[in-house]
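Colleague: Model the full structure from these sequences, guided by the hints.
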Amino acid sequence: MYEWTEEHQAIIGFVRRFVDTEVRPHIDDLEHNGVPPYDVLRKMYVTFGLKDMAQENFQRQLDRKLGGEPSQERRTSDPAAQMITTIELCRVSPGLVTSLGVSTGLAAGTINKLGTPAQMQRWALDLMTLDKVGAWAITEPDSGSDALGGMRTSAKRDGDEYVLNGQKTWITNGPYADTIVLYAKLDDGSNDDVRNRKVLTFVLDKGMEGLDQSRPMRKMGQHGSPTGDVFLHDVRVGKDRLLGETEEPLGGGRQSAKDNFVAERAGVAAMSLGIIDECLKISIEYAKQRKLWGTAISQFQLVQLKLAQMEVARVNVSNLVFSHIERSLNGAVPTFAEASAMKLYSAQAACQVADDAIQILGGNGYIAEYRVEQLSRDARVLRIYAGTDEMQVVAIAKDLTRP
Amino acid sequence: MNVVVCVKQIPDPAAPQSFDAQYNLDRSGKLILDEADTYGVEMALQLVDKAGSGEVSVVSMGSANDLAGLRNALAMGAAKAVIVSDDALRGTDALGTAKVLAAVIKRDLPDLILCATESSDGYTGTTPVQLAELLGLPSITFAKSVSVEGSTVKVNRQTEAGYDEVTAPLPCVVTVTAGVVEPRYASFKGIMAAKSKPVEILSVADLGLGDETGTKGAREEITAVVAAESRQAGEKYVDEGDGAEKIVAFLESIKVL
Chain A
1 MYEWTEEHQA IIGFVRRFVD TEVRPHIDDL EHNGVPPYDV LRKMYVTFGL
51 KDMAQENFQR QLDRKLGGEP SQERRTSDPA AQMITTIELC RVSPGLVTSL
101 GVSTGLAAGT INKLGTPAQM QRWALDLMTL DKVGAWAITE PDSGSDALGG
151 MRTSAKRDGD EYVLNGQKTW ITNGPYADTI VLYAKLDDGS NDDVRNRKVL
201 TFVLDKGMEG LDQSRPMRKM GQHGSPTGDV FLHDVRVGKD RLLGETEEPL
251 GGGRQSAKDN FVAERAGVAA MSLGIIDECL KISIEYAKQR KLWGTAISQF
301 QLVQLKLAQM EVARVNVSNL VFSHIERSLN GAVPTFAEAS AMKLYSAQAA
351 CQVADDAIQI LGGNGYIAEY RVEQLSRDAR VLRIYAGTDE MQVVAIAKDL
401 TRP
Chain W
1 MNVVVCVKQI PDPAAPQSFD AQYNLDRSGK LILDEADTYG VEMALQLVDK
51 AGSGEVSVVS MGSANDLAGL RNALAMGAAK AVIVSDDALR GTDALGTAKV
101 LAAVIKRDLP DLILCATESS DGYTGTTPVQ LAELLGLPSI TFAKSVSVEG
151 STVKVNRQTE AGYDEVTAPL PCVVTVTAGV VEPRYASFKG IMAAKSKPVE
201 ILSVADLGLG DETGTKGARE EITAVVAAES RQAGEKYVDE GDGAEKIVAF
251 LESIKVL
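Quick note, the sequences are listed as chains A and W, same order.
Heads up: the first sequence runs through residues 1 to 403, numbered per the working numbering.
Heads up: the second sequence runs through residues 1 to 257, numbered per the working numbering.
Worth double-checking, as some hints may not be accurate.
[To be verified] Derived, one-sided and incomplete: chain A residues facing chain W with beta-carbon distance under 10 Å:
#	residue
1	Glu6
2	Glu7
3	His8
4	Gln9
5	Ile11
6	Phe14
7	Arg17
8	Val35
9	Thr47
10	Phe48
11	Gly49
12	Asp52
13	Thr85
14	Leu186
15	Gly189
I should point out that these hints are in silico values taken from the structure, not numbers from a laboratory.
Idealized CB from N, CA, C, for every residue including glycine.
Modeller: Structure follows, in structure tokens:
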């Protein structure tokens, strides 16, 4: 696959119209007025029938689980549709995609993968349809890249229950989440090194005793996606909240976290493409119109060099996205290292393109009205979340130098 | 109730346009559904939905090399599409277009025919009423709302002063304005399903038409295409104590007041 099909182009047309009508005019509310992203995302889900599709998707996954098959999501729909939504939303507000992806992908995805049928029905369906908002809490103040090893949040056995204590930070949707998928280290009273203890995955509901969700943090970009802390003080949970209702779920908590990283990293390429597309479009239009010394700046070679480099990045990242779609259609999943390579390149390309766009627009690029400053700030986190650039390099190099 | 919507695939207005030596618009590039037609498609879908039975069909004339515009109408919910596409149609004028559309529609006369008030590339605004005349049907133009009761269509017809309430027996041709309804977004499933909905492609010969279409049959001739005059500087009013009256007089002159 190297270009969008006619159906894809129709989807692009309708989604773009939705984004231009329903998101673009309200960008200031998302950016500066603290309006949460969920209502507009829900509207998008209903408008395009994505809510109904989510219900059907959930039912298929549930049926497979009841049939005893591993509930790995099998591809039954065109993955391009989701990529297109991501790309089009990211032209205007990448934060919306972050919020959406964490709720429907990471939180619901983890519950569907590790949970029992009852747990899927209790929590995952509402997250997949966006009726409820989900968070996926793994990172802690003292362990970002070292999330699994350095995790301090503990789950102490107490009879048939667990008592959770600790703090999670930089949690997308944290301030508003109705459902929180939370990773914690098992404290079974043994003297095992904390680093090596089992990682368990729990599901918490907003309002539980001892669970506190902070207000949204002020941050550099992606204001469309609320981020916060989650505090746990003697939060008492039964086994019904332990995913799989076992301390030995399929693949374990560590594996489920890693699987999510692969999906997240592939998604970042599509996010990058949306940012790159939009920045390039704005830059070309501006460079053609802006005149200095009587000449459009698009005629200046230093500007042309930037535009050409932006186009190279656009071509490369769109090829990554197309090849990912093609492989998904064939049922192939990228390896951890491949997903990392894709993310590393795309995120850096998005940051570079957005920065170049600011430079082409000069003073106007620094003014919010021209929007590239926002996209540049929004792009920056792509090099940090879902694994920093440095961790992507580690993953790629580890794979290359495997004995 | 069955409704036919006449639609047109036009070159994307956002892209640069060019003409050939006969001043025909270059239609060889990407074509899209004229936005003006999406209101008719939406209106038709709502009327059929309300009636509880029947279907919406779209009828078009033009190049069938790119059917993306028709597929959009199908994605919104229309059941089928017919397009008359033939090199012999090149140079067809508005009346010739009406003859072609009439030939398609009378094969299976629907209860209601909806059109936009005019296309966004041709802008003659004459085809719908010519179509009604050729079909021997009543026509109502500039509908800002449309409802059907029994075998009667009720239309609020936009006028400069407000609107007229007009009724006509079905079948009837109605042209709808952009304000009539808000066109829906096609769902992802609708877009995918549109791929397998029937699109019938007809030639002039299929319809038994001949010299009354194409350049031969055209009674209109485009003799020149000129750029619209660029906007002139506005008129300045200096407030010499009578600013308010000047403004009122100006607004009255453009019939805002």
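Colleague: Go through the numbered hints given earlier and state which of them the structure violates, listing their numbers in rising order.
Modeller: The structure breaks hints 8, 14, 15; every other hint is satisfied.
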